[in-house]
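Colleague: Read off the chains here:
There are 4 protein chains.
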Amino acid sequence: MNSFGRIFRVHIFGESHGECAGVTIDGCPAGLPLTVEDFSSDIERRKGGTQKGTTPRQEEDLPIFKSGIFNGKTTGAPITILFENKNTRSSDYEKQRDFPRPGHADFTAHEKFGGYEDYRGSGHFSGRLTVCLVAAGVIAKKLLADLTIESKILEIGGESDLEKGLQKAIDAKDSIGGIIECRVSGLPTGLGEPFFDSVESLLAHAVFSIPAVRGIEFGTGFAAAKMFGSEHNDAIIDVKGTTQTNHAGGVVGGITNGNELVFRIAIKPTSSTPKPQQSLNWTNGEVETFSVKGRHDLCIALRVPVILEAVTAIVLADLMLLEQKIKRIL
Amino acid sequence: MNSFGRIFRVHIFGESHGECAGVTIDGCPAGLPLTVEDFSSDIERRKGGTQKGTTPRQEEDLPIFKSGIFNGKTTGAPITILFENKNTRSSDYEKQRDFPRPGHADFTAHEKFGGYEDYRGSGHFSGRLTVCLVAAGVIAKKLLADLTIESKILEIGGESDLEKGLQKAIDAKDSIGGIIECRVSGLPTGLGEPFFDSVESLLAHAVFSIPAVRGIEFGTGFAAAKMFGSEHNDAIIDVKGTTQTNHAGGVVGGITNGNELVFRIAIKPTSSTPKPQQSLNWTNGEVETFSVKGRHDLCIALRVPVILEAVTAIVLADLMLLEQKIKRIL
Amino acid sequence: MNSFGRIFRVHIFGESHGECAGVTIDGCPAGLPLTVEDFSSDIERRKGGTQKGTTPRQEEDLPIFKSGIFNGKTTGAPITILFENKNTRSSDYEKQRDFPRPGHADFTAHEKFGGYEDYRGSGHFSGRLTVCLVAAGVIAKKLLADLTIESKILEIGGESDLEKGLQKAIDAKDSIGGIIECRVSGLPTGLGEPFFDSVESLLAHAVFSIPAVRGIEFGTGFAAAKMFGSEHNDAIIDVKGTTQTNHAGGVVGGITNGNELVFRIAIKPTSSTPKPQQSLNWTNGEVETFSVKGRHDLCIALRVPVILEAVTAIVLADLMLLEQKIKRIL
Amino acid sequence: MNSFGRIFRVHIFGESHGECAGVTIDGCPAGLPLTVEDFSSDIERRKGGTQKGTTPRQEEDLPIFKSGIFNGKTTGAPITILFENKNTRSSDYEKQRDFPRPGHADFTAHEKFGGYEDYRGSGHFSGRLTVCLVAAGVIAKKLLADLTIESKILEIGGESDLEKGLQKAIDAKDSIGGIIECRVSGLPTGLGEPFFDSVESLLAHAVFSIPAVRGIEFGTGFAAAKMFGSEHNDAIIDVKGTTQTNHAGGVVGGITNGNELVFRIAIKPTSSTPKPQQSLNWTNGEVETFSVKGRHDLCIALRVPVILEAVTAIVLADLMLLEQKIKRIL
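Chains as they are written, first to last, in numbering that gives the first Met the number 0: chain A, 0 to 329; chain B, 0 to 329; chain C, 0 to 329; chain D, 0 to 329.
Since the hints were made in silico from the structure, they are not lab data.
Just to be clear, a hint being listed does not mean it is correct.
Since the list gives no way to pick one copy over another, a pair counts as held whenever it fits inside one copy or between any two copies.
Within a straight-line C-alpha distance of at most 25 Å, the following computed DMTMM-like cross-link-like pairs (lysine to aspartate or glutamate) qualify [to be verified]:
#1 K163 with E285
#2 K141 with E322
#3 K85 with E322
#4 K85 with E285
#5 K172 with E59
#6 K51 with D97
#7 K151 with E36
#8 K72 with E59
#9 K151 with E93
#10 K163 with D37
#11 K51 with E230
#12 K72 with E285
#13 K324 with E59
#14 K274 with E230
#15 K151 with D237
#16 K292 with D37
#17 K172 with E322
#18 K167 with E230
#19 K72 with D145
#20 K141 with E259
#21 K163 with E36
#22 K85 with E58
#23 K140 with D97
#24 K172 with E83
Here the structure is a predicted model, which is why all the values come from computation and not from measurement.
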């Protein structure tokens with residue numbers, strides 16, 4: 000249930016304030032060079048604390064290779080990577096344990112796991128585990144060296160001037176959301192399946208495993224619902240399948256058509272807003288005002304682009320292996 | 000690859016102009032009463048030809064039970080249901096075989112399957128196979144008799160007055176898209192998983208297997224990206240987890256929170272517009288004007304609500320079985 | 000649960016006295032020529048009624064293609080094949096419904112499915128469904144045209160002179176079992192995984208889905224437990240990995256080593272012996288003597304070789320696709 | 000590929016001379032008490048060095064909990080447990096790297112992974128990883144507290160007097176194999192599926208993931224092939240399904256029948272025999288005599304019983320969850 004993929008298969012585990020967050024990647028081809036340095040750039044991009052609007056919690060996030068790598072290359076056996084938790088302040092969470100925080104998994108985790116869940120810092124539900132997705136994404140991207148996978152933020156708080164959007168939140172002493180777009184070029188035609196494993200199905204499945212995602216749309220997306228067919232259809236203009244426009248976002252009939260893959264996701268405002276909130280007090284059953292403690296991102300969307308690239312790369316690496324576009328031994 | 004689900008597992012097969020469309024449902028509990036009549040209403044809702052804007056192709060769509068049902072009840076063994084194709088006019092497709100139709104899978108299917116695909120009426124890629132989804136959905140809904148699952152069209156061609164939206168298309172002699180919303184009430188808390196098998200992941204996966212879907216959003220969805228955290232957070236107001244607002248659409252941390260599940264999808268305009276289009280002529284490599292032949296829906300969105308309910312029910316039946324909220328023998 | 004395989008994926012459904020037995024094969028490469036005649040020889044080998052010691056029930060067993068085949072070739076979409084049940088005599092089973100037949104699934108099916116199971120002729124538990132395995136095997140074998148897969152009976156009732164073993168059963172008016180060996184030559188090295196998906200794991204998994212199998216052993220098998228390591232080890236004598244002996248039966252560390260794959264299975268005597276038996280009478284809770292009605296095989300082992308080849312081919316086709324030794328488009 | 004199970008799902012990773020061997024168990028119910036001490040007894044049973052005939056390599060094998068456990072209980076999130084490798088002597092392996100050791104995975108691993116495999120101490124193919132199976136088995140057994148799962152050695156080197164069998168090997172300066180039996184009592188009826196996921200299929204799948212297993216048989220097993228049906232059939236003598244004999248070994252039609260589950264496995268003699276052997280020298284392509292270095296078991300079968308219990312418990316825990324005989328929250 001904490002796994003994804005058919006050949007390139009990613010398993011995640013761990014907690015926010017436990018020993019570590021970790022990831023096992025099974026089915027990675029043998030012979031891929033892999034060093035700790037390969038992870039630096041993407042892990043750095045994901046980190047909070049380095050830009051305005053992200054959490055001051057600082058983790059070194061050094062990937063610790065536990066298996067599957069030998070002499071600097073993947074062996075074909077499962078790769079396990081750990082990220083130790085060092086900079087935890089669980090006491091923040093003990094104090095507010097009485098309140099299931101709105102927008103957080105406190106209430107649902109409690110219902111699902113009967114109170115046995117590790118609640119410290121959201122435990123296994125924490126955004127901390129996205130470092131595992133990023134790590135798996137780094138490996139997937141190396142397998143997909145011929146592709147260009149790029150995410151960028153389109154809007155913060157409704158503003159395409161991102162500085163302005165962020166300032167709005169700072170001024171309001173509130174958290175804020177955003178829109179992120181991912182584009183992939185260089186894809187072959189023929190990835191994906193007609194129905195259940197359409198490219199959109201698989202990408203959406205992976206994307207909604209990123210906390211705070213509330214929507215996804217491909218190509219023209221929701222705007223397509225307002226268009227005429229003659230506007231929306233992309234005329235094919237050569238035998239390679241190049242299209243004049245790209246309203247489809249690179250997927251037709253669930254299958255990549257060789258044009259640029261384009262999709263966008265909506266990120267909700269960080270649930271841990273600095274503003275005082277109303278919520279149930281579990282100890283007395285009353286609705287009370289409280290303020291979230293802990294160190295949090297004002298705008299979690301700022302950290303999502305690299306995670307979005309990661310899950311996209313995970314999906315595409317798996318599809319490329321399924322379609323034998325990547326070899327089993329490199 | 001043409002399968003979905005972990006316990007309540009749906010497999011689809013078939014072609015538009017072949018023998019049949021078919022579905023096998025594995026893992027359905029034993030003892031569920033099931034008759035041909037149970038399917039009538041939902042299959043009727045899916046059918047074209049009965050309302051303005053849908054295809055004049057008429058199929059009787061009588062479900063033919065081939066296995067898994069005995070004395071009017073499910074046996075626990077796999078249930079296979081066929082829908083014969085009777086009313087096919089493949090000649091329409093032979094004529095325009097030279098042109099990979101824009102927006103259709105003609106080009107991508109050809110690339111994926113090397114020209115061996117059954118191209119008649121889009122073959123295995125046809126919307127015809129959604130009758131299989133509807134059939135599986137009928138069974139899933141019967142398992143979920145305590146829930147209310149309802150889809151409705153919110154917009155056609157950007158108009159919430161649906162008549163008006165449709166007329167716009169008819170006037171323009173063009174096809175048109177729409178927005179559909181699905182709501183589920185009566186759900187228990189605790190369905191879904193924190194990351195890869197979040198409720199949103201599974202629903203999105205299933206929903207994008209419906210042809211023509213271009214986007215999905217949960218609760219407030221894309222609009223959440225413009226909100227402050229203090230606005231978006233849903234205050235929990237009692238120990239059952241009832242929330243004052245429902246911006247989350249019933250899912251927090253990937254898990255159902257017991258409030259109404261709400262999500263919307265965007266349907267693109269039917270690719271087979273009556274308007275003449277430009278596209279590649281495969282035989283000479285030139286871009287030429289052509290018109291799509293065959294019998295088509297002006298607005299496929301009109302037929303989607305019941306399919307959306309079906310895939311929703313399929314996902315939820317599977318989750319309810321996983322969480323032991325439905326017994327294995329009824 | 001009625002499925003097997005990761006890429007070349009086989010689903011079976013149907014009942015002995017229902018409409019049909021059926022099989023869907025998903026993930027078969029596109030472009031494989033396939034005709035009804037391709038199935039004749041193996042289906043004929045499986046049939047009862049043509050040799051002494053097998054059931055007089057005669058089914059034509061004509062494969063009816065329902066999907067996935069177009070212009071005589073596989074399309075890459077799921078292939079569904081049905082075998083209609085015509086020659087059923089359910090009344091035989093109604094009469095003896097009071098007794099859960101020893102060695103049959105009557106009792107366990109009733110417990111598992113709460114009495115909702117189709118009990119006629121063992122319903123979904125019937126050996127009738129092995130025709131589906133044979134059909135999937137025919138397709139798998141065509142994908143593996145470069146390999147030689149051959150099963151043969153080594154013993155009937157403990158006699159390597161099979162005539163003699165069978166005569167023993169006829170004289171005793173009793174049913175009898177046997178030992179069958181399967182050999183595969185031409186395999187590449189490198190199929191399989193070290194632990195959970197070892198070649199032995201996958202073959203054993205598939206083989207035990209054949210009713211009446213009670214044991215499996217690879218290479219020297221159980222006899223290896225009595226040997227010294229210096230005797231059992233197969234010396235590697237060239238760089239291709241050829242071994243001097245083949246005690247390992249072609250699999251080392253879970254992985255094919257390029258030598259002949261060799262394994263044997265034990266088939267129990269047919270549960271439906273002509274001899275009167277003791278068993279519980281469900282209606283009164285007493286143990287009584289009764290005789291099995293219906294048309295049965297005296298020695299079901301006689302029909303198993305072709306089924307054993309089939310499941311072997313299914314496993315190997317899947318592994319060859321996983322290791323990219325078979326292309327996705329032929 | 001290094002995973003097994005549908006709900007209670009076990010993933011293994013690691014190498015013999017790398018950082019660690021590790022296991023992740025997903026789908027374990029929340030609320031199961033779990034301490035390091037729970038593992039001591041079974042891990043001790045698996046260890047070499049404490050009895051005649053097993054390896055002098057000593058590992059402390061202390062389970063290190065990395066995730067999924069909080070306040071001494073399982074949380075419902077994935078449980079990861081590591082076993083560090085401390086007592087490694089890789090130099091033994093460097094010296095004999097020229098020879099692919101007969102009976103070991105050296106040759107097949109090299110072919111499968113193109114020379115990128117970690118070859119030290121058999122790397123990921125090492126029996127070292129069975130400590131992970133034992134650990135998962137400890138958890139599974141705790142879930143199955145109402146069952147009795149017991150393995151015992153029936154024969155060493157063909158001798159039921161085990162001392163005698165072992166002495167034979169010591170006298171011959173050779174390694175030796177054995178036969179092990181597993182019995183489970185207390186099982187409910189109704190576990191397993193008719194075909195692909197029969198109890199025998201799943202158990203055999205899991206059992207062949209234990210290195211050195213060469214055969215498995217259920218109930219009377221291979222001997223059944225020599226019996227008459229009237230002898231082999233187990234008469235049902237009461238409404239609970241108790242049978243007079245237990246030739247079936249507790250499984251009929253792929254489904255547990257409530258009687259004792261009984262099966263036996265054959266373990267080959269340890270491949271690393273002290274005797275000099277012939278094998279290919281990779282460096283010159285010649286067949287030469289060499290002796291295996293490293294610390295090895297004379298009779299690996301001595302260490303298998305607890306591993307056999309473990310994989311049996313893993314399979315049964317998964318089936319019990321599927322059939323809702325174990326709750327999701329304890």
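Colleague: Each hint needs a verdict: does it hold in this structure or not?
Modeller: Tested hints:
no., hint, verdict
1, K163 with E285, "neither (38 Å within a copy, 48 Å between copies)"
2, K141 with E322, "both (17 Å within a copy, 20 Å between copies)"
3, K85 with E322, "neither (41 Å within a copy, 34 Å between copies)"
4, K85 with E285, "neither (36 Å within a copy, 54 Å between copies)"
5, K172 with E59, "neither (28 Å within a copy, 53 Å between copies)"
6, K51 with D97, "neither (30 Å within a copy, 56 Å between copies)"
7, K151 with E36, "within (23 Å within a copy, 50 Å between copies)"
8, K72 with E59, "within (23 Å within a copy, 29 Å between copies)"
9, K151 with E93, "neither (36 Å within a copy, 44 Å between copies)"
10, K163 with D37, "neither (33 Å within a copy, 56 Å between copies)"
11, K51 with E230, "between (41 Å within a copy, 22 Å between copies)"
12, K72 with E285, "neither (57 Å within a copy, 30 Å between copies)"
13, K324 with E59, "neither (35 Å within a copy, 42 Å between copies)"
14, K274 with E230, "between (45 Å within a copy, 10 Å between copies)"
15, K151 with D237, "neither (30 Å within a copy, 40 Å between copies)"
16, K292 with D37, "neither (34 Å within a copy, 37 Å between copies)"
17, K172 with E322, "neither (49 Å within a copy, 40 Å between copies)"
18, K167 with E230, "between (37 Å within a copy, 14 Å between copies)"
19, K72 with D145, "within (19 Å within a copy, 34 Å between copies)"
20, K141 with E259, "within (19 Å within a copy, 37 Å between copies)"
21, K163 with E36, "neither (34 Å within a copy, 57 Å between copies)"
22, K85 with E58, "within (7 Å within a copy, 28 Å between copies)"
23, K140 with D97, "neither (42 Å within a copy, 35 Å between copies)"
24, K172 with E83, "neither (32 Å within a copy, 47 Å between copies)"
Checked against the numbered hints above, the structure violates hints 1, 3, 4, 5, 6, 9, 10, 12, 13, 15, 16, 17, 21, 23 and 24; every other hint is satisfied.
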